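As a plain string of letters, each chain reads:
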Amino acid sequence: MADLIEGVNPTRMELLKLKTKVKLAKKGHRLLKEKRDALIMEFFNILEEAKGARRQAEARLSEAFHALILAQASMGVLKVTQCAYAAKETPGIETYTRSIMGVRVPVLELQETSRSVIERGYGLADTTSQLDEAAARFEEALAAVVQLAEVERSIKLLAKEIESTKRRVNALENVLIPRLEATVKYIKMRLDEMERENFFKLKRIKAIMEAR
Amino acid sequence: MKISVIADFDTVVGFRLAGVKQGYAVNSPEEALERLRELVKKEDVGLVIITERLVDKIRGDVEKLLEKKSFPLLVEIPDKAGPIEKKVDPLKELVRRAVGVDIKIE
Numbered sequence: 001m002a003d004l005i006e007g008v009n010p011t012r013m014e015l016l017k018l019k020t021k022v023k024l025a026k027k028g029h030r031l032l033k034e035k036r037d038a039l040i041m042e043f044f045n046i047l048e049e050a051k052g053a054r055r056q057a058e059a060r061l062s063e064a065f066h067a068l069i070l071a072q073a074s075m076g077v078l079k080v081t082q083c084a085y086a087a088k089e090t091p092g093i094e095t096y097t098r099s100i101m102g103v104r105v106p107v108l109e110l111q112e113t114s115r116s117v118i119e120r121g122y123g124l125a126d127t128t129s130q131l132d133e134a135a136a137r138f139e140e141a142l143a144a145v146v147q148l149a150e151v152e153r154s155i156k157l158l159a160k161e162i163e164s165t166k167r168r169v170n171a172l173e174n175v176l177i178p179r180l181e182a183t184v185k186y187i188k189m190r191l192d193e194m195e196r197e198n199f200f201k202l203k204r205i206k207a208i209m210e211a212r
Numbered sequence: 213m214k215i216s217v218i219a220d221f222d223t224v225v226g227f228r229l230a231g232v233k234q235g236y237a238v239n240s241p242e243e244a245l246e247r248l249r250e251l252v253k254k255e256d257v258g259l260v261i262i263t264e265r266l267v268d269k270i271r272g273d274v275e276k277l278l279e280k281k282s283f284p285l286l287v288e289i290p291d292k293a294g295p296i297e298k299k300v301d302p303l304k305e306l307v308r309r310a311v312g313v314d315i316k317i318e
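Which chain is which? The protein sequence lines are Y and E, in order. Numbering-wise, the numbering used here puts 94 at position 94 of the first sequence, and it's gapless, one number per residue. Numbering-wise, the numbering used here puts 276 at position 64 of the second sequence, and it's gapless, one number per residue.
I should point out that these hints are in silico values taken from the structure, not numbers from a laboratory. Model, not experiment: these values are computed from the prediction. You may find that some hints are simply not true.
Said to hold, decoys possible - Quick list of the computed label-pair ranges, beta carbon to beta carbon: (1) E:Glu297 to Y:Asp3: 47 to 53 Å; (2) E:Asp268 to Y:Val175: 45 to 51 Å; (3) Y:Glu119 to E:Glu243: 28 to 34 Å.
Glycine is no exception: its CB is placed at the ideal position from the N, C-alpha and C atoms.
Chain Y with its partners taken away, still in its complex shape (with noise of 0.2 Å):
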């Protein structure tokens, strides 16, 4: 049997008190274990999505690695580099955050990746359609790769979620509701019990009474 709450007296009121508790307890359990249920959902979903977002996000890397190595080898290491510094900056990325299940995940949008030589902003005159092709491949690679940041960090974020549920769902299960309900039964057993003891009392008075 599980431990009692230390330190309850045994009268009608603590019971009045200790029955809603309990009815208060075995609600929250239900609710929590729904919203375990649900984010167990969610955190499926998003691992379909993982799963395939980091083999893309390697896939693309590789090709990009390649190509830039291609383009290092037509143009010299130098040149590529002098070109890297020349390529104008992309606008970077827009960050909100969304709720999954009262969660929050950050959502992550890259504005438009891929451009078009000229926009790149090095010169033409003296780069081949290597280094053309290697800066293509790693623009794509950027999109992968904040698409997998986005994706990895949900997850991450979910998982701890549900640990933490869990753990409040294990406490209520296993701890706070078994003990309440074995502080209700004992108040019930006192309270019933001198109530004999009150009864006997008044029987054993009324015979001394009479005897006299």
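With the hints as your guide, set chain E onto chain Y.
Chain E in isolation, oriented as in the chain Y frame:
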């Protein structure tokens, strides 16, 4: 917000071509950590791209650094030598902790 790259030289050059101007070429994990510290202080960095090889040695410090923050996000990418072998698949570990069972991924 801005994107930042902390990686080896070639990776930085590649992302520069794609328009990511805040690229820091570093030679050691310690240097990478130092850079990351600076970036975290800046408010306008939304995403830090870092190579797995660098982050693997300083994982503890990195996690401590980013623990309480929602931005910047950190994403680990393989460098030009390809993905490194990991002892535990981080995704698998997450699933195991969240759901409590080992699920075969892929």
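Quiz item: Can you give the numbers of the hints that this structure goes against, from lowest to highest?
Solution: 2
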